[in-house]
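On the provided structure of chain P, position chain S as indicated by the hints.
Residue numbers (this note's numbering), protein chains in the order written: chain P, 1 to 123; chain S, 1001 to 1123.
Everything labelled a hint here was simulated from the structure, so no lab data went into it.
Certain hints may be false.
Stated by the list, open to error - Derived SDA-like pairs (lysine to any residue); straight-line CA-CA distance at most 25 Å:
id	chain 1	residue 1	chain 2	residue 2
1	P	Lys104	S	Arg1114
2	S	Lys1104	S	Glu1117
3	P	Lys104	S	Ser1020
4	S	Lys1104	S	Leu1040
5	S	Lys1104	P	Glu66
6	P	Lys104	S	Leu1040
Number of protein chains: 2
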Amino acid sequence: MAKPRTVQMVERLRDLQVSSLDIEGSALVSLDGLIMASSLPPVVEEDRVSAMSAAMLSLGERIAGELGRGVLEQVYVRGQDGYVVLRAVGEEAVLTVLARDTAKLGLLLLDMRRAAEDLANIV
Amino acid sequence: MAKPRTVQMVERLRDLQVSSLDIEGSALVSLDGLIMASSLPPVVEEDRVSAMSAAMLSLGERIAGELGRGVLEQVYVRGQDGYVVLRAVGEEAVLTVLARDTAKLGLLLLDMRRAAEDLANIV
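Isolated chain P (complex conformation) (with noise of 0.2 Å):
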């Protein structure tokens, strides 16, 4: 019998951050701003990160329509401590990772393409 889907997410997620220790937490949240799921450390909470998933991805979709950037792919936040990156997954979801500073952003990147495609299968 095929796991629940939740399962599978939360199971890709957790992938996503065994193959890169520089990743400290992600969330798959639906594009009103609920989380569908998450690896989170303890610190840090769901519903938190899935208000600001949404805040960033609506106004990130605005500023790339209003200034001819075309359909939104990638957000990604920068701070002194470390980054947070949101990557569309399908045209249902965002993929929302919090990174550490030492987290070298290409390879984060293309983690994070892989895993989006993989979870856009999934929802």
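Relative to chain P, chain S alone:
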């Protein structure tokens, strides 16, 4: 006699565009969303760039703070047709760059860092 600061700022923005042909336009925006200097193509409205920059900066700061990423350094939005990248210029302003989808992100971020340092000295 030294050149007026606005002229110096616009010249520095133009230098940035000469260094990276994939940059379509750039603007220096105050933290409250007002244009300080710009070098934008005619089709892009200054007001739109400044409003979007201020909105993204504000949300980026909130997200970096709420999700434990520290002080905001940079935000980038990638659409199918190109990038919008924002970077802090000192504590008073933000440098916003519009780039084509063919831009090499590593080079773009490096050139922006140098421009931001120079602009911080002019502002």
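Checked against the structure, which of the hints given earlier come out wrong? 6
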